[in-house]
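Since the structure of chain A is provided, determine the placement of chain B on it from the hints.
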Amino acid sequence: MTVPTTRPNTPPPDNAIRERMNIVIVGHVDHGKSTLLGRLYADTGTLPIGKIEKIQAICKQQGKEFEYAFLFDAFLEEQQQGITIDTARTFFSWGGRQYIIIDAPGHKEFLKNMVSGAARAEAALLVIDALEGVRDQSKRHGLLLSMLGVKQVTVVVNKMDLVNYREDTFQAIEKEYREFLTQLNVIPQYVIPASAKQGINITQPSPETPWYTGPSVLDSLAHFHLESKRAEQTLRLPIQDVYKFDARRILVGRITAGKLKIGDRLVFSPSNKSANIQTIEAFNLDPPPTQAEAGQSVGITLDEQIFVERGQIATHEEARPLVSTRIRANLFWLGAKPLEIRRPYVLRLATREVPCEVATIHRIVDATNLDDRHTQTTVKRNEVADITLRTKSPIAFDLYAHFETTGRFVLVDEYDVAGGGIITELVQDDQEDFRTEARERDSAWVKGDVGAEDRAQRYGHRAAVVLLTGPDTTAKGFLARKLETVLVGEGRHAYLLAPENLQRGLDADLVDTKPDEIIRRFGEVVRLLTDTGSLVISTTNALQLPTKQIVQTLQTLVNPIPVITIHMAKELIGPQPDTDLIFAGPENFDDCTHQIIALLKSRGLLAEPASSRSDSQYSI
Amino acid sequence: MKHIRQLEDQSVYILREAYKNFDNLAMLWSMGKDSTVLLWLARKAFFGHVPFPLLHVDTSYKIPEMIEYRDRLAREWRLNLIVGQNKKALAEGMNHTKGRVECCTALKTQGLKQLLEEKGYTGVILGVRSDEDSTRAKERYFSPRDKNNEWDFRDQPPELWDQYKLSFPPGTHIRIHPLLDWTEINIWEYIKLENIPFLDHLYLDQGTGKRYRSLGCAPCTTPIDSTAKNVDEVIIELRNTKVAERAGRAQDEGRGMEQLRKDGYM
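The listed protein sequences correspond, in order, to chains A and B.
Residue numbers 1 to 620, in this note's numbering, belong to the letters of the first sequence in order.
Residue numbers 621 to 886, in this note's numbering, belong to the letters of the second sequence in order.
I should point out that these hints are in silico values taken from the structure, not numbers from a laboratory.
Please note: incorrect hints may appear among the correct ones.
As the list claims (entries may be wrong) - With the C-beta cut set under 8 Å, the calculated list includes, among others, these residues of chain B facing chain A:
#1 LYS622
#2 ASP629
#3 TYR681
#4 ILE683
#5 SER750
#6 ASN769
#7 GLY791
#8 VAL863
As the list claims (entries may be wrong) - With a straight-line Cα cutoff of 16 Å, these simulated EDC-like cross-link-like pairs (lysine to aspartate or glutamate) come out:
#9 A:LYS64 - A:GLU53
#10 A:LYS482 - A:ASP413
#11 A:LYS151 - A:GLU122
#12 A:LYS244 - A:GLU293
#13 A:LYS108 - A:ASP136
#14 A:LYS54 - B:ASP753
#15 B:LYS640 - A:ASP509
#16 A:LYS601 - A:GLU587
#17 B:LYS622 - A:GLU293
#18 A:LYS337 - B:ASP775
#19 A:LYS51 - B:ASP753
#20 B:LYS830 - B:ASP820
#21 B:LYS622 - A:GLU227
#22 B:LYS640 - A:GLU353
#23 A:LYS108 - A:GLU122
#24 B:LYS640 - A:GLU309
#25 B:LYS812 - B:GLU865
#26 A:LYS51 - B:GLU688
#27 A:LYS392 - A:ASP442
#28 A:LYS380 - A:ASP413
#29 A:LYS273 - A:GLU304
#30 B:LYS862 - A:GLU53
#31 B:LYS622 - A:GLU19
#32 A:LYS108 - B:ASP825
To be verified - Now the in silico label distances, taken between C-beta atoms and shown as ranges:
#33 B:ARG698 - A:VAL488: 25 to 31 Å
#34 B:ARG692 - A:GLY214: 54 to 60 Å
#35 B:GLU696 - A:ASN276: 33 to 39 Å
#36 B:GLY668 - A:GLN576: 45 to 51 Å
#37 B:HIS623 - A:HIS107: 28 to 34 Å
#38 A:ALA542 - B:GLU737: 54 to 60 Å
#39 A:ALA401 - B:ASP691: 33 to 39 Å
Cβ atoms here follow ideal geometry from the backbone N, Cα and C, with glycine treated the same way.
Pulled out of the complex, with its shape left as it was, chain A reads as follows (with noise of 0.2 Å):
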């Protein structure tokens, strides 16, 4: 065992600091990954006066030897086992860089903490025993980082002075790791033969090692770049609130990729709404800025009030991103019960928040054997599968090879992120086709003066559509009609429409019934009576498709107006519909209908003392 000094070697770290960056140090468990760290503090000179002298007390007082891993290893029960349990965040500032390094832990069972420390850093160092050499957690690591997103990787083959700094060990790790790598599309910056215990090839070029010509570990980190391209790509923001703290209505957001400026027209999707920038707003910022661009954290707002909420991307109008229920993406699973197929999970994409279940588990990719596939129907801890998912409601998104932030998502499980997906294709669902004609139909909408917001205040209500469905014979037709008096009564713009109303009319030319066209015409109905903000109020029956069928057309071509469902049945058997309210075999039909008011109330869609807090899109 070498006594830890303190050696002067490399020149003493430039103090201004211009930029930081984070990296990662992974590597399958006992590499020696919290080694290189605290052996790259020590010969730095860069740890606190006293760290080591602590450190080394503690060790007497355990009658263990010194270990420089301890230095990062802060809990009783790490320094006692001897590994990483979680990752640890420390500084090192070094040529003008300020660095955060992680040490993640290489043990399977902490998997999930590896991940946690991965998913923060630009660039990775990968350790590799010497003695070992390519072990599982070597390969699983290098796959979850292709997965998160960290391209820049340098690889240590560590512990050389086990094998003597021998040439042909170090040349055989290095060809199978880089063949293993080339499969990921991932290229190693370096691959450096080193020693953490005996410090060589940390810090600078050592003896050990003539016939090795590449950079020490210490100068192999100024040669990770820093992201920068980002700006370059097209505007992507996802909304993250929208604040009314005083007169003015906020929308906050961090931009992921590309720029915006004052006066930039905004399409938000999946809503399809557009409106200019008017202001950025910046707290004790003087002048207030007049752009921003990825990796901001900004604030907006627009010339035109417009339904805006949490979840949506703004873009430019030219290029928007994806929307679809549907998405093909390859998953990691930190869960502690296994992914199933069609079990309830939560979608968080950027800022958006979805109800989902996996519809396909197409195969599980082994990090050990990338050719190796095989069907399961459910994907345990720890394990990447390659899955379609079915999200709820409409998402916008983007291919994670063509955008990093809103290419990925995390699925959560009850209470816990459980895993971690990056979108590889988008899957059309069945109303991609009505999707299309709302988003264009949008786009070429030639608007009066009067908008939704200014309707809404003057009418005390927001436009909505109040659907009843179920069976036949079950006074449907009664509360709607019920529900509209008494809307109208109280001075709201309430219509009920009937489906049939459209047959002799506009639906006089369809011969031979189509229901996929007879929907889209009343839906296009429905969506010029809710342009003009009203509530209107419909049934299923005339309609002759699957309600889940209808109500999904009549959200794609009405969207962003809220569709709020109302099942009625004589008495419920089996599994109970997803609707907003269920009456079975109501009797009181009054109570029915101020069930239905007060649910509208609750939503915000009609006028209530505005709530303390106003980010409700609703709120009037």
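Using the frame of chain A, we list chain B on its own:
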């Protein structure tokens, strides 16, 4: 200063996530440089407003200037300030001579716990930084605490990209740490950049050759030798020092901090 603006953008994003997702949210403010920067970042995030209460757990042993500064900023910035205190422990005569870890546990950890229980906060924002001590280096930005306020560091939730832990079982709460990636130097760089009012009488040398580097209770915090008379000189001093920031904080000795933090210390 680009690296400071990057840190600011990240912290603002975290604060806005916290505000959006936690109905009953509060921020701890100890009047020290870190939690004051945190407070400033909240004003950044919410355009001059601070839309949640600020909690101060008063041990009664704080340096008097700190209390004056607290009340002045609370007035000027229209803050909703809530002061908590473990009155029972103080009535029973708790002080540092009964043991530093014991005193911190009673007056700070228990004081905070009482305040959280009384008000039922589900999200608490704190200004802890990774470089302060090695247990804080292992924190998440959004870190769950169980019913007893305890931190289960063996089983922390995964934190992927900018997706944080936003849901939790009843009875538990989440601690939110927007400053984890900031270093001590970054804090001072930001104070200078934004011209944030701080306790200059304590943090700068007033001609005695000493200044406080970290502020806590008067009996357990000692000033360091320093001739730094302005923020620039503090930054230069910190760039060249190798003494740990909390070297003047008595409760950190031995394994004090790991035990304190596991039990719910900030």
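Status of each hint after checking the structure:
1. Taken as an interface hint, LYS622 of chain B checks out: its beta carbon lies about 7 Å from the nearest beta carbon of chain A, inside 8 Å.
2. Among the interface hints, the one on ASP629 of chain B holds; its C-beta lies about 4 Å from the nearest C-beta in chain A, closer than the 8 Å criterion.
3. At a threshold of 8 Å, the smallest CB-CB gap from TYR681 of chain B to chain A is about 26 Å, leaving the interface hint violated.
4. Given hint, ILE683 of chain B at the interface with chain A, is violated; its Cβ is 25 Å from that chain's nearest Cβ, farther than 8 Å.
5. Below 8 Å, beta-carbon pairs count as interface contacts, and SER750 of chain B has one with chain A at about 4 Å; its hint therefore holds.
6. Because the beta carbon of ASN769 of chain B sits about 18 Å from the nearest beta carbon in chain A, more than 8 Å, this interface hint is broken.
7. Here the hint on GLY791 of chain B is broken, as its CB sits about 12 Å from the closest CB of chain A, past 8 Å.
8. For VAL863 of chain B, the interface hint holds, the least distance from its beta-carbon to any beta-carbon of chain A being 5 Å, beneath 8 Å.
9. Restraint check: the Cα-Cα separation between LYS64 of chain A and GLU53 of chain A comes to about 14 Å, which is no more than 16 Å; the hinted pair holds.
10. For the given pair, LYS482 of chain A sits about 41 Å from ASP413 of chain A by alpha-carbon distance, which is inconsistent with the 16 Å threshold.
11. Straight-line distance between C-alpha atoms of LYS151 of chain A and GLU122 of chain A comes to about 8 Å, which keeps the hinted pair within the 16 Å bound.
12. This hinted pair does not check out: LYS244 of chain A and GLU293 of chain A have alpha carbons roughly 24 Å apart, beyond 16 Å.
13. Of the supplied pair hints, the one linking LYS108 of chain A and ASP136 of chain A holds, its CA atoms being roughly 9 Å apart against a limit of 16 Å.
14. Proposed proximity of LYS54 of chain A and ASP753 of chain B is supported: the alpha carbons are some 13 Å apart, at most 16 Å.
15. Using a Cα cut-off of 16 Å, the hinted pair LYS640 of chain B and ASP509 of chain A is violated, with the two alpha carbons roughly 51 Å apart.
16. With a C-alpha separation of about 23 Å, the suggested pair LYS601 of chain A and GLU587 of chain A falls outside the 16 Å cut-off, and the hint is violated.
17. Annotation: proposed proximity of LYS622 of chain B to GLU293 of chain A holds, straight-line Cα distance about 13 Å (limit 16 Å).
18. Note on LYS337 of chain A and ASP775 of chain B: the hinted pairing holds, with a Cα-Cα distance of about 15 Å set against a maximum of 16 Å.
19. A threshold of 16 Å between alpha carbons decides the hint, and for LYS51 of chain A with ASP753 of chain B the separation of about 11 Å falls inside it, so the pair holds.
20. Between LYS830 of chain B and ASP820 of chain B the alpha-carbon distance is near 12 Å, which keeps this suggested pair within the 16 Å criterion.
21. Among the hinted pairs, LYS622 of chain B with GLU227 of chain A is consistent with the structure: their alpha-carbon atoms are about 14 Å apart, no more than 16 Å.
22. Of the supplied pair hints, the one linking LYS640 of chain B and GLU353 of chain A holds, its CA atoms being roughly 13 Å apart against a limit of 16 Å.
23. With a CA separation close to 22 Å, the supplied pair LYS108 of chain A and GLU122 of chain A exceeds the 16 Å bound.
24. For the given pair, LYS640 of chain B sits about 12 Å from GLU309 of chain A by alpha-carbon distance, which is consistent with the 16 Å threshold.
25. Under the criterion of a C-alpha separation no larger than 16 Å, the hint pairing LYS812 of chain B with GLU865 of chain B is inconsistent with the structure, at around 19 Å.
26. Restraint check for LYS51 of chain A and GLU688 of chain B: the C-alpha separation of about 36 Å exceeds 16 Å, so the hint is violated.
27. Using a Cα cut-off of 16 Å, the hinted pair LYS392 of chain A and ASP442 of chain A is violated, with the two alpha carbons roughly 23 Å apart.
28. Straight-line distance between C-alpha atoms of LYS380 of chain A and ASP413 of chain A comes to about 13 Å, which keeps the hinted pair within the 16 Å bound.
29. Annotation: proposed proximity of LYS273 of chain A to GLU304 of chain A holds, straight-line Cα distance about 10 Å (limit 16 Å).
30. Of the supplied pair hints, the one linking LYS862 of chain B and GLU53 of chain A holds, its CA atoms being roughly 13 Å apart against a limit of 16 Å.
31. A C-alpha spacing of about 7 Å is found between LYS622 of chain B and GLU19 of chain A, which places the hinted pair at or below 16 Å, so the restraint holds.
32. In summary, the hint linking LYS108 of chain A to ASP825 of chain B is not supported, as the alpha carbons are separated by about 50 Å, beyond the 16 Å threshold.
33. A C-beta distance of roughly 45 Å is found between ARG698 of chain B and VAL488 of chain A, which places it outside the suggested range of 25 to 31 Å.
34. One distance hint, 54 to 60 Å for the beta-carbon pair ARG692 of chain B and GLY214 of chain A, holds here, with the actual separation near 58 Å.
35. For GLU696 of chain B and ASN276 of chain A, the Cβ-Cβ distance of about 36 Å falls inside the hinted range of 33 to 39 Å, so the restraint holds.
36. A beta carbon spacing of about 47 Å between GLY668 of chain B and GLN576 of chain A agrees with the range 45 to 51 Å that was offered as a hint.
37. The hinted range of 28 to 34 Å is satisfied by HIS623 of chain B and HIS107 of chain A, whose Cβ atoms lie roughly 33 Å apart.
38. Judged by the Cβ atoms, the range 54 to 60 Å given for ALA542 of chain A and GLU737 of chain B holds: they are separated by roughly 57 Å.
39. In this structure the hint that ALA401 of chain A and ASP691 of chain B lie 33 to 39 Å apart at CB is violated, the actual value being about 55 Å.
The structure fails hints 3, 4, 6, 7, 10, 12, 15, 16, 23, 25, 26, 27, 32, 33 and 39 (numbered hints given earlier, in ascending order).
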